[in-house]
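Q: Sequence:
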Amino acid sequence: MTTLRLHNTLTRGKEDFIPLDPAHVRVYACGPTVYDRIHVGNARPIVVFDVLVRLLRRLYPNVTYVRNITDVDDKIITRAAERGIGIDRLCDDTIECFHEDVAALGALPPDHEPRATEFISDMIDMIQTLIDGGFAYAAEGHVLFSVAAMPAYGALSGRSMEDMIAGARVEVAPYKRDPADFVLWKPSSPDQPGWENPFSDTPGRPGWHIECSAMAKHYLGPTFDIHAGGLDLVFPHHENEIAQSCCAHGTDIMAAYWLHNGYVTMGEEKMSKSVGNILAAHEAIAAHRGETVRAALLAAHYRAPVALSDDALAEARNVLDRLYRAVGDVAVDETAVDAAFLNALADDLNTPAAMARLHELAGAANRGDAGAAAALKSSAAILGLLEQTGDGWARGDSSDDGMSDAEIDAAIEARKQARANRDFGAADRIRDELAAQGILLEDGPEGTVWRRS
RNA sequence: GGCCCGAUGGCAGAGUGGUUAUGCAGCGGUUUGCAAAACCGUGUACAUCGGUUCAAUUCCGGUUCGGGCCUCCA
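Residues in the first sequence are numbered from 1 upward in steps of one, following our numbering.
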């Protein structure tokens, strides 16, 4: 059987993946905070860890994948107020858009997609457990996690308490015992969402990190196999999740393997909402199609930075054109998945090497190897690519204003007559007219096929 | 200030202690009414300075440059 190797942020090295329970592999990935539509930087973990889960399902009989939605957060409160709409309305609308975007990117739905607000009581119970165990304390209506109570704090991000104190840029709230202590629960004013709680007489709401700990525990248990997210979540989010979960559950680990994807960049810089250099996922999808965006995101190794420039998206389009031409309309056959492809992917999700293998298979298919075409189609499915027919891809979205498929077919038929009469002037005129409409013709031994440019 | 990551040919991007992926672009050819596609062939690379080694792009150290985290962030 193929051995999966994964880079583990905990150890900063590649390790053989050994499931805690081979009969049930459990994966948690941090999902969006739904105050705004996602940008292509947010789309990267969605796509990358979708590939991971597809690969795990290929290798193991039973995989549970949880990706949460965070629908309680100060940014949500702020945004709803700015737009003059209710928080529920903002969250529901944003979630609907999120589902559209990830579907267009070819990401399969997770097995569970819990909303944080459905788990407030779990969070409260967990916070109470932490207080009872001496890992957390109440102060001025807040409940804070005490990092001093956890000697291993900082292991994931590789920073010692001394480092954090030395480099502290955090404004230290006066009620914190230690500058690195972080909020588990905080008070809400009457105009903020709040829940009754045992920590104070007034309503409050959870801090940022506790929702993932509570939802992961509920669906996956106190320990599970893989926890994934963007590189910018290593600290503080994942570090704090580990602290909360391990101290509340009395475990040494929260997840055995921690995976973090690199950034999408604009130029040399990280794409981020605070910098403002963002490309919204739905804009990229509208301009380039979801599958092209997906292919562009998978063109680089997931831990390396990737730039989604116009050039990069154009190249991804080029790649898909080539692969789709080679694959034609062959069907997926799970027994036909290419071994070299699978080995590349199993080596810490080396998608560029896997794509290179797809190109080799495309070459073989173009030389007439029908087995290679089936291997190409079936292997690409694990990347979530080439899921339509070659012709369907070439013809693209016929809802674009322009010529209908019937009009195009009629023009091609007229050109065929002209060519049969060796009236190449008329034939070329028809081809030029179609090209002006964005319709490109390719004459082959099987007749003329067309594609939208 | 503390900590971390990276530097590969015109571009994108893997990988390896010695045979120099893959794609795009370029060049030459086959094919085609022409074109497109496809196929065949072909050139160019491992930031820099030292060290280890029979041998380093690959290992180690310094330097330069770029990026990131330490604050919301995928």
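If you're looking for bench data, these hints aren't it; they were derived computationally from the structure. Heads up, the beta-carbon is just placed ideally off N, CA and C, and yes, glycines get one too. Keep in mind that the hints are not guaranteed to be accurate.
Dumping the calculated EDC-like pairs for lysine to aspartate or glutamate here, alpha-carbon to alpha-carbon at most 16 Å [said to hold, decoys possible]:
{"#": "1", "residue 1": "Lys14", "residue 2": "Asp232"}
{"#": "2", "residue 1": "Lys416", "residue 2": "Asp397"}
{"#": "3", "residue 1": "Lys416", "residue 2": "Asp428"}
{"#": "4", "residue 1": "Lys270", "residue 2": "Asp232"}
Between beta-carbon pairs, the in silico distance windows are [as the list claims (entries may be wrong)]:
{"#": "5", "residue 1": "Arg429", "residue 2": "Lys14", "range": "56 to 62 Å"}
{"#": "6", "residue 1": "Thr3", "residue 2": "Ala356", "range": "18 to 24 Å"}
{"#": "7", "residue 1": "Ser272", "residue 2": "Phe424", "range": "37 to 43 Å"}
{"#": "8", "residue 1": "His218", "residue 2": "Ala356", "range": "16 to 22 Å"}
Q: Against this structure, judge whether each hint is valid.
A: The hints, checked one at a time:
no. : hint                        : in the structure
1   : Lys14 / Asp232              : violated (20 Å)
2   : Lys416 / Asp397             : violated (25 Å)
3   : Lys416 / Asp428             : holds (11 Å)
4   : Lys270 / Asp232             : holds (10 Å)
5   : Arg429 / Lys14: 56 to 62 Å  : holds (59 Å)
6   : Thr3 / Ala356: 18 to 24 Å   : holds (20 Å)
7   : Ser272 / Phe424: 37 to 43 Å : violated (55 Å)
8   : His218 / Ala356: 16 to 22 Å : violated (41 Å)
Violated hints, in rising order: 1, 2, 7 and 8; the structure is consistent with all others.
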